[in-house]
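A.B. asks: Spelled out from the first residue to the last, the chains are:
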Amino acid sequence: MTTTNHSQQQAVPLAPSEAAEVTGRAPAGQQLRPGPRPKPQTAFRRALSRYNAPFAGFLFISPWLIGFLLLQLWPIIQSFYLSFTDYNLLDQAHWIGTKNFRQIAHDRLFFNSLKVTFTYVLTSVPLKLAVALLVAMLLNRAVRGISIYRTLIYLPSLIGGSIAVAVLWRNIFGLDGFINKIVPLLGIAPKNWIGTPTTALATLVILTAWQFGSAMIIFLAGLKQIPAELYEASSVDGASKLRQFVTITLPMLSPVILFNVVMGVINAFQTFTSAFIITNGGPVNSTEVYALFLYKKAFGTFEMGYASALAWILLVIVAIATSINFIVSKYWVFYESEGGAAK
Amino acid sequence: MTKRSRLRFGASPIVTHAVLIAFSLLMFYPVLWWIFASFKSTPELALPTLWPKEWLWRNYPDGWNALPKYTFTFFYLNSFKLNIATTVLHVLSASLVAFGFARLTFPLKNALFSLLLLTIMLPSQVTLIPQYAMFHSLNWINTYLPFIVPAAMGGAFFIFLLVQFIRGIPRELDESAKIDGCSWLGIYWRIVLPLTRPALVTVTIFSFIWGWDDYFGPLIYLNSVDKYTVPLALRMFIDTQSAVAWGQLLAMSLVSVLPPVAIFFLAQKHFVEGIATTGLKG
Chain A
0 MTTTNHSQQQ AVPLAPSEAA EVTGRAPAGQ QLRPGPRPKP QTAFRRALSR
50 YNAPFAGFLF ISPWLIGFLL LQLWPIIQSF YLSFTDYNLL DQAHWIGTKN
100 FRQIAHDRLF FNSLKVTFTY VLTSVPLKLA VALLVAMLLN RAVRGISIYR
150 TLIYLPSLIG GSIAVAVLWR NIFGLDGFIN KIVPLLGIAP KNWIGTPTTA
200 LATLVILTAW QFGSAMIIFL AGLKQIPAEL YEASSVDGAS KLRQFVTITL
250 PMLSPVILFN VVMGVINAFQ TFTSAFIITN GGPVNSTEVY ALFLYKKAFG
300 TFEMGYASAL AWILLVIVAI ATSINFIVSK YWVFYESEGG AAK
Chain B
0 MTKRSRLRFG ASPIVTHAVL IAFSLLMFYP VLWWIFASFK STPELALPTL
50 WPKEWLWRNY PDGWNALPKY TFTFFYLNSF KLNIATTVLH VLSASLVAFG
100 FARLTFPLKN ALFSLLLLTI MLPSQVTLIP QYAMFHSLNW INTYLPFIVP
150 AAMGGAFFIF LLVQFIRGIP RELDESAKID GCSWLGIYWR IVLPLTRPAL
200 VTVTIFSFIW GWDDYFGPLI YLNSVDKYTV PLALRMFIDT QSAVAWGQLL
250 AMSLVSVLPP VAIFFLAQKH FVEGIATTGL KG
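Protein sequences appear in the order of chains A and B.
Residue numbers for the first sequence follow numbering that gives the first Met the number 0, beginning at 0 and rising by one.
Residue numbers for the second sequence follow numbering that gives the first Met the number 0, beginning at 0 and rising by one.
Hints may be right or wrong, so weigh each one.
Stated by the list, open to error - EDC-like mimics (lysine to aspartate or glutamate), calculated; alpha carbons at most 16 Å apart, straight line:
| # | chain 1 | residue 1 | chain 2 | residue 2 |
| --- | --- | --- | --- | --- |
| 1 | A | LYS180 | B | GLU43 |
| 2 | A | LYS223 | B | GLU272 |
| 3 | A | LYS98 | A | GLU302 |
| 4 | B | LYS68 | B | ASP225 |
| 5 | A | LYS295 | A | ASP106 |
| 6 | A | LYS223 | A | ASP236 |
Calculated directly from the structure, the hints in this document are not laboratory data.
Same shape as in the complex, but just chain A:
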């Protein structure tokens, strides 16, 4: 009778529910949809029935899931632990507390690499994206020959990250490079661009900006999605080209710009190959970007505990930079679905 009390309370508003409870225990209580309460032993099964493949789904994603757990999550945790040790690959790691971090706080080369990396990120990303957007807008207007231009302009991006292009750069911007035959025409004295501390980083920034092709293609695809009616309506209203750019192109394109900025910044913080091949961090550490500094600690002197601490600091920096990008984006990124203005 104790159960009746409970079921009566529910039965008050709905008359057939009493019956439903009875038949609900029978194997096939189909015709009484609204009423049946789950049997305790089938609750788990019912929870799973919300999914079309509760077990097969895991099988399908298992290659990634296993890889994620073993090759990413576990190493991340381990790297956090190692950052508090004196690990050097060959000997057992010893816990040394925060010594690595305290040492880093006094490491002149660490602060140098931070300065170099931030300079690199803050110059190369805006330069690359500005060029990409400008060229994308030009290409968006060209009706004919778009694929030829796209090919010519994209090709450097295709090969730009390779060691082959780093070799090319080393030659072009060296003392005997052909750049030195061109710059006097612009009134600049020839010099060894790669061997001069004040200009070495600039050659790397130019190399990065030269590879604007991917960002450009993403911009181009974004531009194609802006309805032509918006421009037509505003030119009827007498808006200037500049005004159209500011009031239509930029807001409509802002989600795509955000994507390019976020990915561009994350990638720029990790730049390695060009700095390693072209300048190897020199001259006088003027191009020793963070990833290169970390590499030298980990695989040059095998201070792997120290390098792990550096890696975690990089993770925090990248996370903060990305969060800032997303937080600031609330003030400038325009989403059609939210604003609803476009439709």
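Got chain A; can you put chain B on it based on the hints?
C.D. replies: Okay, now just chain B, sitting in the frame of chain A:
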């Protein structure tokens, strides 16, 4: 077409084309110079001019055989072996996982997918050292396993790209196959996979080209010359010679970018679409 031509406003098309041609040439000039420079003698490399006074065809055979013990043929075979293996694994695993995320529902799916997206943004330095230590303790250093095993997990970026694509394929087909009693594996293999072909081509291209260009991985995991890939061989070229034979080096560098460039020309459409989808639908 009409829509785009309506977009043409402001400066005349001639001006647009003039600016574009000038800009394309400026961007492309270093590559053009590079092609001609690979036939030049060292003193001539200091000039911005294109046409070599004297064509040094032997830069190519000399460069090809310049390294001691092995010719470049050997390093190209290494690079092809490694990258074909990793590319095949990337395509197979990424498509399986992407099918799971795009079509199946299972507990924790959304949380796991968010994690997958997060890992695209994860700086690889954070996992570098423990991964290296792990592979070191498994005796995988100086083998291709540190490249092949991670490729078998699919690669977060490729999975994301394929998920975006599969979501765009109408579900009616696989639903009717389901009613006919087709298993999930059957639906994946017989229905979704054939329809995903354009995106699979994109993944193949990117996986091969990125693998081909990868320098950091081989740098830390491969340490004997008989395992070297082409980028490491190029680096050795710089290191082993006291006075760098720039003509030969530029010639060999140029040859090393030919496979990616050839793939790019063969499959340009997939390329452009691949970049655009990942950037836009994210």
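A.B. asks: With reference to the structure, classify each hint as holding or not holding.
C.D. replies: Now for the hints, and whether the structure bears them out:
Restraint check for LYS180/A and GLU43/B: satisfied, since their Cα atoms lie roughly 12 Å apart, inside the 16 Å limit. Taking the CA atoms of LYS223/A and GLU272/B, the gap is near 13 Å; set against the 16 Å cutoff, the hint holds. For the suggested pair LYS98/A and GLU302/A, the alpha carbons sit about 13 Å apart, so the restraint of at most 16 Å is met. Our distance criterion of 16 Å between C-alpha atoms is met by LYS68/B and ASP225/B, whose separation comes to about 9 Å.
With a C-alpha separation of about 14 Å, the suggested pairing of LYS295/A with ASP106/A holds against the 16 Å cut-off. Distance restraint check for LYS223/A and ASP236/A: the Cα-Cα separation of roughly 22 Å exceeds the 16 Å cut-off, and the hinted pair is therefore not satisfied.
The structure fails hint 6 only (numbered hints given earlier).
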